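Peer 1: Fit chains B and C to the given chain A structure using the hints.
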Amino acid sequence: MTGTAFWYASRATGVISLILFSLVAILGILVNRQGRLPGLPRFAVTGLHRNLSLLTVAFLGTHIVTAIVDGYAHIPWMSTVVPFSSGYERFWIGLGTVAVDLFAALIVTSLLRDRLKPSVWRAVHWLAYVSYPVIVVHSLGASKDLRSGWLLALTMATVFAVISAIGYRVLDAFAAVPRPGRVPEQFQQTDQIRTDRIRTDRIRADRTGSVR
Amino acid sequence: MDERLRVNAILCSGHGLCAELLPEQIDLDEWGYPLLSDEPVPKKLRPLARRAVNDCPVLALMLVRGR
Amino acid sequence: MTAAIQDAATRDAASARSDTGNQGPSGLPRLLPADGQPMDLAAHLRVHGPTPYRGGARMLIHTIESAGLTGRGGAAFPTHRKLTAVADQKGTAVVVGNGAEGEPASSKDQTLLWSSPHLVLDGLQLAAEAVGARKVHLYVHREPRLVRRLELALAERATAGLDRIKVGLVTAPARFLAGEESALANRVEGGAALPRFTPPRIFERGVNGAPTLVQNVETLAQLALISRYGPAWFRAVGTEAEPGSMLTTVRLANGGGGVAETPLGTPLARLLRLAEYPAQAVLVGGYHGAWLTPEQASRLTLSNADLRPIGAAVGAGVLAALPADRCGIVESARVVRYLALESAGQCGPCLNGLPLIADTLVQLANHRSAPSARGDLQRWSKLVERRGACHHPDGTVRFLRSALTAFAGEVALHEAGRCSAGSYEPFLPIPAGSPDHKDDWS
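Chains as they are written, first to last, in this note's numbering: chain A, -10 to 201; chain B, 164 to 230; chain C, 127 to 568.
So that you can see chain A by itself, here it is in the shape it has in the complex (with noise of 0.2 Å):
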């Protein structure tokens, strides 16, 4: 294979992993909201959740080997775990590699996870939000490719789509009722007892997620 074939397998593979990282994001806060697919079993949003996050690992390698080996911008191989060592394109290149370094602790310890604490599982997936913004700026910096053109449209759909995504976490997580509030609020009907009449409307359950 020729170096251009390499560097653009590399362009290729990276578009490819920013478009999949955005849909498992996406699929990661579906699950974390209860939400569904229409369709699909609860058990099938986690499993594409995961399954694409895999294949995301493999896209995301071949766009690293394939940069590196190609030649042409000297990468070193440590630049696939150092962070801005890398003489071509440090600041952009090293910005990549903060996102793998990140990735990969996300993917270790998820697929660790019936060893881990959830406490300690859960805190090192907060990491995915850090590496997006990280993903999206290495992503448009490194490569002119996605700064014109229909590449540039769909970067920046697919941007939209997980700010939305990450809006409504976010709104969500503020309209939860926090947890001392949770009861109350089921009773905020209910009056005390008294013996002339009151007002008792049936209290609607809810998850412990947000009572509304």
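Rather than coming from a laboratory, the hints here were simulated on the basis of the structure. Treat the numbers as computed from the prediction; the structure is a model and nothing was measured. Each hint should be verified, as a subset may be incorrect.
[What the hints assert, rightly or not] Only some residues are given here: those of chain A computed to face chain C with a beta carbon under 7 Å:
1. R25
2. R168
3. P169
4. G170
5. V172
6. P173
[Said to hold, decoys possible] Result set (SDA-like, lysine to any residue): computed pairs, CA atoms no more than 20 Å apart in a straight line:
7. A:K106 with B:D201
8. C:K508 with B:D201
9. C:K508 with B:R169
10. B:K207 with B:I173
11. A:K106 with B:V216
12. C:K508 with B:I173
13. C:K564 with C:P299
[Claimed, not checked] Partner residues are not named here, just some residues of chain A that face chain B (Cβ under 7 Å, in silico):
14. V20
15. Q23
16. T35
17. P107
Note that CB positions come from ideal geometry on N, CA and C, so glycine has one too.
Peer 2: Same frame as chain A, now just chains B and C:
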């Protein structure tokens, strides 16, 4: 060695995946929370049980040995 | 009944001479001061002498085993087994004296801490020595005068060089669940007083991961007395199977009552003076306890041997006799509503089920219940039992079921839109308000 399902009621927020994967051992109450069978998980269903434990979005489901 | 049951009513407080040296108080009171005056350190040393340290870990445990002391916080678990369990754990233990009686109808722990703080504080040091602990805490409700008094007592002991380990005072929010041992552990760590999921149990991994001994303050006071006067003295009152005395919080049908020290095995009718002040039902064990019919109350004694077979328990000694002119359903609905509001709100079944149960019972109390009410209550009771991280739903269901049984006649009347009560004046103490802010839990 018997394996039984247990749920951490504090972590559980009623996603309901476990009941989809293992309806033979897990049902959902009228609020969406899991009702677990007291019986040990039959050997044939153990892989499914392990999958349910792994897939729980909040890691609330557990498989415990013995008792 | 086996063995001697000392007659509490004929015990003359003035004649219960408290001796110094090696002879314990003959008869009652034991825990509370004979003259009813709170004891400062000087009085305590005069009556009981200095803290009888054993000089090493585990040495006290056999004495406690011979005495047959069980926990006075409600569970009646054999104290020597708890001490052994904690002492056996790897890692340095922590001891916490639990004086946060979240039960509104109970005031025995506050009374004990006010009147005989040094017995409790002795017990803390002795228990710490027995399990090899290096950190000790005392957990009490945030009542300013009591806290100040305890701080003074601790300062007195520090001056006298009595305490080998410094005691940290930790205050608890006024929550029903604040005294639950895992909620206690969370609060002592500095967090909110919310129950944890167990296992691991608190004796294995409690405060900051250390093996933690949680003991009710009355148990600690008993331990302090036994370590001075011995098992035989302890067993001089009570029954063979359930020896010793205990503190009870009694509410008579005429509204009177208070905290009384009584031997285990005392007839309930005598404790509640049912002959003088007849009751339509008797609540045993507080708001997680059970209602007894007058027939049961007239026949049974304050002992788990009598109470467990009918689904009740001695618990923390809370007894209340409901007068005939009140409505048992209205009182019970108030209690269940309170219990629902006191849910930690961490577990789905409890969070959802208890308000529904309470709401239905309130509707029944107000003659507005749907025909499905009985079935609904039964179904929800089964759905919340044993499905929480702690025993709050279990206790609430026990109380509910006993109310529906003891007041079955009243239930039928209410379903028909009537009520036999003469007065709706609240009888059982229910704190006002609802704890809907996180500050209410820390």
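Peer 1: Against each hint, give a clear statement of whether it holds in the structure.
Peer 2: Tested hints:
1. R25: 19 Å, violated
2. R168: 5 Å, holds
3. P169: 5 Å, holds
4. G170: At about 5 Å, which falls below the 7 Å cut-off, the nearest Cβ of chain C leaves the hint on G170 (chain A) intact, so it holds.
5. V172: 5 Å, holds
6. P173: 4 Å, holds
7. A:K106 with B:D201: With Cα atoms ~24 Å apart, K106 (chain A) and D201 (chain B) exceed 20 Å; violated.
8. C:K508 with B:D201: 15 Å, holds
9. C:K508 with B:R169: Holds, at about 18 Å.
10. B:K207 with B:I173: 29 Å, violated
11. A:K106 with B:V216: With a Cα-Cα distance of about 13 Å, the restraint between K106 (chain A) and V216 (chain B) holds, given a limit of 20 Å.
12. C:K508 with B:I173: Holds, at roughly 19 Å.
13. C:K564 with C:P299: 11 Å, holds
14. V20: Hint holds; V20 (chain A) Cβ to chain B Cβ min 5 Å, cut 7 Å.
15. Q23: Nearest chain B Cβ about 5 Å off; hint holds.
16. T35: Hint on T35 (chain A): holds, closest Cβ of chain B at ~5 Å, below 7 Å.
17. P107: 4 Å, holds
Going down the numbered hints, you'll see the structure goes against 1, 7 and 10, while the others check out.
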